[in-house]
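With these hints in hand, go ahead and build the complete structure from the sequences.
There are 2 protein chains.
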Amino acid sequence: MYIDCKVISRNIEDSVRKRIEKLGFSPKLVSITSKPDYSTLSYLESQRKKSKKLGIEFEIMEVPPEKLLRTVEEVSLNKNVHGIFVARPLPEGVDEFEVLSRIDPSKDVEGVTPQNLGLLIYGKEIFPPCTAESVVKILENQLDITGKEITVIGRSVTVGKPVSIMLLKKGRDATVTVCHSKTVDLFKITRRSDVLIVAVGKAFFIKPEHVKEGAVVVDVGINLVNGKVVGDVDPEVEKIAKLTPVPGGVGRVTTTLLMEHVVRSAEMSVYGRDKICF
Amino acid sequence: MYIDCKVISRNIEDSVRKRIEKLGFSPKLVSITSKPDYSTLSYLESQRKKSKKLGIEFEIMEVPPEKLLRTVEEVSLNKNVHGIFVARPLPEGVDEFEVLSRIDPSKDVEGVTPQNLGLLIYGKEIFPPCTAESVVKILENQLDITGKEITVIGRSVTVGKPVSIMLLKKGRDATVTVCHSKTVDLFKITRRSDVLIVAVGKAFFIKPEHVKEGAVVVDVGINLVNGKVVGDVDPEVEKIAKLTPVPGGVGRVTTTLLMEHVVRSAEMSVYGRDKICF
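Sequences listed follow chains Y and F, in order. Quick note, the first sequence lines up with residues 31 to 308 if you use my numbering. Quick note, the second sequence lines up with residues 31 to 308 if you use my numbering.
Quick caveat, the hints were computed from the structure, so don't treat them as lab data. Backbone N, C-alpha and C define an ideal beta-carbon position, used for all residues, glycine too. It is possible that part of the hints are untrue.
Only some residues are given here: those of chain F computed to face chain Y with a beta carbon under 7 Å [what the hints assert, rightly or not]:
{"#": "1", "residue": "THR176"}
{"#": "2", "residue": "LEU198"}
{"#": "3", "residue": "THR207"}
{"#": "4", "residue": "CYS209"}
{"#": "5", "residue": "VAL214"}
{"#": "6", "residue": "LYS232"}
{"#": "7", "residue": "PHE234"}
{"#": "8", "residue": "PRO238"}
Next up, the structure:
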């Protein structure tokens, strides 16, 4: 069975619209890119559509690689900007960490600064990485995760590691295992899991025989196969488990959450951080 | 069999002494406390002994609760101080997170600021929490952890969560499961693990029947039972597995690493951070 992620996304959109109305102005998101490839351009296009739909001001700044650091710093200081997104992959020779860590944490709507990632360890989700938060929201919508054995495949900075920390948070209380390319006997582990989160970047990596019947499977993968976008999970898995679709699953909720974070940032600038987050 | 943690600690001490000699001055650690209890006083005393032994300047500042925040900020600005330690538990009514997050990350030798915790997610271990680093060093001394199934019991900010992130780091490559009080059938999980890290704060919580024969068990617990310090693991486990002793195990290495971090901070102030850490 496919999990309906549209309804989750729509609920967040509704809240975003109401909160913008209450704010009384359009918060602004700036996406910074350098030498964007096809998939970056298509992601930025989906940001443009979503922000227009929700009433968020949106600007794309395309700059040469050597100006990335300075641009991030300048936009961080610009009081009219509430959210900053830096598109990856960055051009060769540019240190991704150096660029991302210059984002003002209070405008880091994608949740990629060390500051915002570290806050997750304290259980403080000010700006969690959007994809990780998307996974958590989809799961919470599907089942009570307390005590469930959840396996995360992939240990990336923006999905695997933060989602594992978020699922451990008091109140969520999952038992979390993180696997990756060096894991021995991975499928023994996936088959015993109540929930699988797959973020490996390999088309159809997880097949029905790797999944426990009735499990919940969240597919974070976005792969191009013969010009078609497909996930990390074989669609056949849908027959024995609950599965998020690709496209239109995690990605859809992720883009909506990015916009929600822009609103949150604007709210913090108006009402103060304490009123919003703690 | 007990794991010899003395030798691990001594190797770090040797490196610390050489590096202080190269620096040409004694780095300084300041420990800040407010209404210290018995166990805080005894921990501060062990810091005093260790710093004296290694040639690190050491000062304890005892301040009233309402002056904690300001003291942390002032000491952060003091150029003669290289490391700041804030003793916990803090007095009632003081927000621990508020106090710890005011420490200058470049002097955060205990690794408790959001900034330093978030860097772990990037695989950048500038100042990892000392106890988590102690566990990792002990394990790396005992076995090749690549692909091993490691179970962490406990999800604290300074042990469970950071140690799980550190063990996932590329090059270490463990498969990590984090369990806690809400985990269903905990002992099924502990019995299948190659390595157990126990940080629950309950005397003799893990018994021989919960452990796989030949496993490596790291006991992070410090509990007082009838005036004696004991761990979270029943000493009988030593008969079927490799076990770190309490006292004289993780704690001993932790205090040594705190001093090593003070030296690292001094080195960064002299040579620049890039030369030391990246």
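Evaluation of the provided hints:
1. THR176: holds, 6 Å
2. LEU198: Holds, about 5 Å.
3. THR207: holds, 4 Å
4. CYS209: With a closest approach of 5 Å, the CYS209 (chain F) hint holds.
5. VAL214: holds, 4 Å
6. LYS232: Where the cut-off is 7 Å and the nearest Cβ of chain Y is about 18 Å from LYS232 (chain F), the hint is violated.
7. PHE234: For PHE234 (chain F), the interface hint is violated, since the closest Cβ of chain Y sits about 22 Å away, which is over 7 Å.
8. PRO238: Since the shortest Cβ distance to chain Y is 23 Å, the answer is violated.
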